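Chemist: As a plain string of letters, each chain reads:
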Amino acid sequence: MSVLLQSWAIQVRVIKALMLRELSTRFGRENIGFLWVMAEPLLFAVLVGILWRSMKGPFEFGVDIIAFVVTGYIPLVLFRSSLSRAMNSFTANGSLMYHRQIKVLDLLLVRFLIELVGHMMAYLFIAVVLGALGNFPWPYDFGFLLLGWAYYSLFSFAVCLVVAPLSEASEVLEKFLPVTAYLMVPFSGAFFVVSSLSPEAAAIVLYSPPVHGMEMMRYGVFGPSIDPQYDYLYPLQFSLPCMVLGLLLCRTIRRRLVIE
Amino acid sequence: MIACQNIRKSYRTGHGRREVLKGISLTVRKGERVALLGRNGAGKSTLIKQIGGVELPDSGKIVRKMTCSWPIGFNGGFQGSLTGFDNARFIARIYGRSYAEMRGFVEDFTELGGALKQPVKTYSSGMRARLAFALSLAIEFDCYLIDEVILVGDQNFQRKCHHELFEKRSDRAMIIASHDMNTILGTCNRGVVISDGFATVHDDLSEAVDAYSRL
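If you read the protein sequences in the order shown, they are chains A and B.
Note that the first sequence covers residues 1 to 260 in the working numbering.
Note that the second sequence covers residues 1 to 215 in the working numbering.
If we strip away everything but chain A, and leave its shape as in the complex, we get (with noise of 0.2 Å):
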């Protein structure tokens, strides 16, 4: 037992360490640092937020549709970045592998915290910003903005834990995986709600497990008018097996890494 414990510190100070270096290499100390990490969906949000007002008017499926826009889009630029990130990371961070209580998945761990907490941040912002506007609702249902957002950030988790191995195994699917995570976007749920499509299409986008989570986020902010769609089992059934695939390939992959 004490043993464990004592496994659970190391681990703890690892990857409060490996935070604080993460970020200070990814954005220095100077000016405003760590807040970098909002800007990037916060500009991706709002501009494609105007981008659909401009088009579409007001409203998108009953509710501001800016508010529709940055609900969907943050949560799907935190899928893709954190996937961005998690490629080439175990050999972008060979140097690391000479401390025995580093391991890769902390590196993985680190990474994706950061993404997350960041864009949560970026979300929150917005929020407060539009909130001001009279562009955000006060939340329906904040324990199914959180809940959503634990299913989405799951999601997003487990498909890195594959997709960092993969990258480092097979330089064909370094190359690819971008374009499929490019190919992700119509079933990530951002933009649409599954009550607005067709039964068939409907049927076909739940096959998708962030779209779940993606509901939940929704039903969590704008409240029973989008009648949101979605199950509490399936992203598991999912996300869950994903993992320990991912896990698994992880140990594969650091056991064949070449490190300078």
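Some hints here could point you the wrong way.
Some chain B residues close to chain A (C-beta under 7 Å, calculated; not the full set) [unchecked claim]:
id, residue
1, Val54
2, Glu55
3, Leu56
4, Trp70
5, Gly77
6, Phe78
7, Ser81
8, Phe90
9, Arg93
10, Ile94
Pairs of lysine to any residue residues, derived as SDA-like cross-links and limited to a Cα-Cα distance of at most 25 Å, are as follows [said to hold, decoys possible]:
id, chain 1, residue 1, chain 2, residue 2
11, B, Lys30, B, Arg190
12, B, Lys117, A, Asn31
13, B, Lys121, B, Glu107
14, B, Lys121, A, Phe27
15, A, Lys175, A, Glu260
16, A, Lys16, A, Asp106
17, B, Lys61, A, Ile259
18, B, Lys22, B, Arg39
19, A, Lys56, A, Trp138
20, A, Lys103, B, Ser81
21, B, Lys65, A, Arg13
22, B, Lys121, A, Arg29
23, B, Lys117, A, Leu20
24, A, Lys16, B, Gly53
25, B, Lys61, B, Asp203
26, A, Lys56, A, Glu40
27, B, Lys61, A, Thr252
28, A, Lys175, B, His15
29, B, Lys121, A, Glu30
30, A, Lys16, B, Gly104
Honestly, the hints are just simulated from the structure, not real lab data.
Small disclaimer: the values here were computed from a predicted structure and weren't measured.
Ideal Cβ placement from N, Cα and C applies to all residues, glycine included.
Here the structure of chain A is known, so what remains is to put chain B in place on it, guided by the hints.
Modeler: Frame of chain A; chain B shown alone:
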């Protein structure tokens, strides 16, 4: 004690694999200083990387019953874009040491002064060697893995290393890869000659040096 049991390691090449270590067994007890001898490319660094846990062997087992440093060499262990101090802070954090003490020791040992506030990628190899030694000495390991770097650095640094490593820490185990027979003869008490992927352990160092010079 650190024991390697039948370590094998191969690397992928354009076609097929090249086996660098073909079954190496080696035991290092507390306080022993083992010299790794072998020609360039014989697998000395590879073996040190396996012992340090930087890379994992294809097969075989490494049992570590004492704390073991990371391989101290020119690269590895540092983040080039971070400053010397930031690297020290990171190392202090992951090994659970106090940064204040670490900083003092690093400043004192490396004598790098203002350069410690510069990114490590701007350092010369001698400066890197100083920093690498300072960081690993500040942590205090039972066994130090030293890959070639001992020769780098000026007289003053070599004297300091000698004092800190071989005099003050004479009770520690060391595994040293080097081509400099003077250093080896002056510091080690056992020798391992690596050639063709196999290791021959000589308990008498001069035998090992003889065997090495015949390669």
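Chemist: If you take the shortest Cβ to Cβ gap from leucine 56 of chain B to chain A, is it below 7 Å?
Modeler: holds (5 Å)
Chemist: Against chain A, run the beta carbon of serine 81 of chain B and see if the smallest gap drops under 7 Å.
Modeler: holds (6 Å)
Chemist: Just to be careful, I want the Cα atoms of lysine 22 of chain B and arginine 39 of chain B compared with a cutoff of 25 Å; is the pair within it?
Modeler: Satisfied, since the Cα-Cα distance of roughly 16 Å is no more than 25 Å.
Chemist: For the pair supplied as a hint, lysine 56 of chain A and tryptophan 138 of chain A, confirm whether the alpha-carbon distance does not exceed 25 Å.
Modeler: OK: lysine 56 of chain A and tryptophan 138 of chain A at ~23 Å, within 25 Å.
Chemist: Can you verify the interface hint for arginine 93 of chain B: is its Cβ closer than 7 Å to any Cβ in chain A?
Modeler: Because about 4 Å separates arginine 93 of chain B from the closest Cβ in chain A, which is inside the 7 Å limit, the hint holds.
Chemist: Take the C-alpha atoms of lysine 121 of chain B and phenylalanine 27 of chain A, compute the straight-line distance between them, and say whether it is at most 25 Å.
Modeler: Holds - the C-alpha atoms of phenylalanine 27 of chain A and lysine 121 of chain B are around 18 Å apart, at most 25 Å.
Chemist: Are the Cα atoms of lysine 103 of chain A and serine 81 of chain B separated by 25 Å or less?
Modeler: Holds - the C-alpha atoms of serine 81 of chain B and lysine 103 of chain A are around 21 Å apart, at most 25 Å.
Chemist: Does glycine 77 of chain B meet its interface restraint, that is, does its C-beta lie within less than 7 Å of any C-beta in chain A?
Modeler: holds (4 Å)
Chemist: Against the 25 Å threshold, does the CA-CA distance of lysine 61 of chain B and aspartate 203 of chain B hold or violate the hint?
Modeler: Given that 25 Å is the threshold and the Cα spacing comes to 22 Å, the pair holds.
Chemist: Given the hint that lysine 61 of chain B pairs with isoleucine 259 of chain A, test it: the Cα-Cα distance must not exceed 25 Å.
Modeler: Judged against 25 Å, a Cα distance of about 19 Å means the pair holds.
Chemist: If you draw a straight line from the CA of lysine 16 of chain A to the CA of aspartate 106 of chain A, is it 25 Å or shorter?
Modeler: holds (10 Å)
Chemist: If you draw a straight line from the CA of lysine 121 of chain B to the CA of glutamate 107 of chain B, is it 25 Å or shorter?
Modeler: holds (18 Å)
In summary, the structure agrees with every hint in the numbered list given earlier.
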